[in-house]
Amino acid sequence: MPLRARRRRIGAFTIGNTVLMLTVCFFTLYPMWFVLVNSFNASEHAILGTVNWWPKAWSLDSYRVAFNDPHLMNGFFITTMRTVIGTTAHVLFTAIVAYGMSKRQLIGRRVYMKIALITMLFSGGLIPTFILMTKLGLYDSFWVFIIPAMYTFFNMVIFMSFFRTIPESLEESAKVDGASDYGVLFRIVLPNSMAVLATIALFSAVYHWNDYYQGVIYIRSQDQLPLQTMLYKIIAENAMSFMQQQAMAQFGARLPGNSIKFASMMVATVPILLFYPFIQRYLVKGVMIGAIKG
Amino acid sequence: MDRTRQPVLRRMRRQWQLQSMVIPGIFWMLIFCYLPMFWLIIGFMDYSIAKPMLQSPFVGLKHFEAFASDDRFWRSIRNTLGMSAIKLGLGFVIPILFALLLNEIRSLRFKRSVQTISYLPHFIAWTIFGGIALNWLGEGGVVNQVMIGLGLQEREILYNSDPVYFWWIVFFTDVLKETGWSAIIYIAAIAGIDPALYEAAELDGAGRWQRMWHITVQSIRPTIAILFILAVSGMLGSNFEQIFMLQNNMNLRMAESLDLYIYNMGLVSGRHSFSTAVLFARSIVALGLLLLANYTSRRLTGDSIF
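Protein chains in written order, with this note's numbering: chain A, 1 to 294; chain B, 1 to 306.
Think of the hints as simulated: they come from the structure by calculation, not from any bench.
Each hint should be verified, as a subset may be incorrect.
Said to hold, decoys possible - Examples of chain B residues lying across from chain A (beta carbon under 7 Å, computed):
{"#": "1", "residue": "L18"}
{"#": "2", "residue": "C33"}
{"#": "3", "residue": "L97"}
{"#": "4", "residue": "L101"}
{"#": "5", "residue": "N103"}
{"#": "6", "residue": "T116"}
{"#": "7", "residue": "S118"}
{"#": "8", "residue": "T127"}
{"#": "9", "residue": "Q210"}
Glycine included, every Cβ here is placed at the ideal spot set by N, Cα and C.
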């Protein structure tokens with residue numbers, strides 16, 4: 001009976017649903033495939049964004065242009081530095097604050113928590129924050145990427161609730177052996193929190209890698225621009241001048257501007273695409289923790 | 001009993017290590033969260049960034065009156081509400097539907113693969129995703145080719161610059177990028193439902209759609225309610241990274257959301273006090289919306305955030 005019931009269920013619904021899910025996958029993957037194909041497409045086909053599945057004429061020229069562009073490579077460097085330093089700073093700072101906050105014996109804990117909670121309900125917003133950054137000397141400075149992004153309430157709460165699940169006895173025994181609070185945090189608590197550390201580090205890294213908005217607002221000098229802000233300028237403001245001039249000089253009209261754009265987009269996305277299969281589990285886990293707490 | 005009588009400072013000194021972990025965080029919040037809140041009062045001043053704040057003259061509600069009589073402000077309100085309404089009215093159910101349909105997939109491997117693929121675009125930067133969208137929607141782009149190829153339109157349409165299409169472009173790109181990611185919470189909620197409920201329903205003769213509606217949807221109702229409250233209270237906000245990427249001079253008429261208006265007035269035109277007045281008014285209305293949505297949801301469904 002159960003067997004027959006299951007057989008019968010492979011009907012119109014299952015087929016339709018499967019087709020629908022495959023369609024979702026297609027619409028999700030095709031845009032990235034489109035960029036990849038067109039970044040290798042050296043022919044005039046890439047000038048117009050023709051629907052295609054495979055490059056009409058293979059070429060690495062657009063990558064040669066992208067990798068030879070000193071501005072783009074400098075942006076790559078700034079973004080890498082920002083991601084490494086920014087993620088480290090965020091994880092360490094937020095985790096240390098959260099560990100202190102997770103202790104019930106912490107004097108003033110209620111006041112501290114209120115101070116932290118109010119930041120969720122009100123905020124100054126764009127203009128006051130901009131003025132503050134200017135007054136702090138962070139305008140047009142690399143540190144504008146790092147310091148304002150060192151802490152978020154959300155991640156602090158995730159850390160805090162995770163630290164609470166670590167058995168008290170583990171910490172007590174270290175204390176008996178004469179470890180300080182910092183010793184307990186760095187030698188006992190953090191090594192036992194690798195999953196949550198990885199999750200939050202990944203979220204922070206993805207933010208730092210993908211963010212272009214901070215660069216638009218706070219950075220004026222060309223040599224401080226992160227990669228994504230540069231891409232924003234290339235795509236939205238069509239500020240291709242330098243790369244295009246270089247490409248024209250090198251390859252003539254053979255190399256269309258669009259394929260250079262697509263190659264730059266690939267350069268900015270490949271790190272995410274490469275790590276994605278390995279990190280996506282952690283990312284989902286992070287949302288689950290957040291969802292349960294929120 | 002004795003310990004509580006000791007002065008607070010002395011007790012705090014005894015746990016200086018713990019305090020030294022938390023206090024830098026509190027300082028950070030005071031500087032990066034509370035100072036900007038304090039700076040909102042420049043909305044009541046004629047502030048100049050070159051001078052110390054308190055030397056700027058108080059001008060009362062001048063800037064509030066100024067934006068209230070600015071047509072461009074009301075246009076930005078219309079744009080924000082329009083885009084939010086589409087997102088809320090049509091977009092809110094899409095991740096729920098996706099989660100429900102994905103849940104009906106029997107093969108675990110297929111289900112996992114679809115899920116993994118579906119949240120990939122969330123991790124692609126808006127510069128890339130928006131760049132692809134602009135390319136597809138432009139002259140000779142994929143959208144025009146497909147539409148002409150299918151005979152749905154005769155000539156090329158400049159979707160990327162015609163203001164009429166902007167709200168829908170925002171909606172569709174948001175759906176394409178975020179559906180899978182937004183569905184995670186619902187998928188997690190569905191995973192937590194007791195399988196016995198389904199078995200019982202099956203024995204009672206409930207069909208697939210009845211089980212979906214009476215068990216799955218009813219079980220995840222609290223999650224839906226909470227996300228709906230958050231969505232309503234965020235109606236005056238917009239996805240700045242998305243809109244900033246997709247807007248241009250030609251579609252600004254429909255593209256300028258409140259966020260973009262504040263940015264254009266405050267940072268592009270340098271009217272700091274004016275923009276701050278708008279920000280101030282918005283955060284008060286947003287708080288009101290949050291409380292209202294919360295109250296309504298509690299009244300109607302019994303589920304609320306606080």
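Structure-based check of all given hints:
Because the beta carbon of B/L18 sits about 5 Å from the nearest beta carbon in chain A, less than 7 Å, this interface hint is met. Hint status for B/C33 relative to chain A: holds, with the closest Cβ pair at about 4 Å, below 7 Å. For the restraint placing B/L97 at the interface with chain A, the shortest Cβ-Cβ distance is roughly 10 Å, beyond the 7 Å limit, so the hint is violated. Taken as an interface hint, B/L101 checks out: its beta carbon lies about 6 Å from the nearest beta carbon of chain A, inside 7 Å.
Interface hint status for B/N103: violated, as the beta-carbon distance to the closest one in chain A is roughly 10 Å, over 7 Å. With a cut of 7 Å, the hint placing B/T116 at the interface with chain A holds, because the nearest CB-to-CB distance is about 6 Å. Given the 7 Å rule on beta carbons, the hint for B/S118 holds: about 6 Å separates it from the nearest Cβ of chain A. Hint status for B/T127: holds, given a least beta-carbon distance of 4 Å to chain A, under 7 Å.
Interface hint at B/Q210: violated, since its Cβ lies 13 Å from the closest Cβ of chain A, which is beyond the 7 Å cut-off.
This entry does not satisfy hints 3, 5, 9, going by the numbered hints stated previously.
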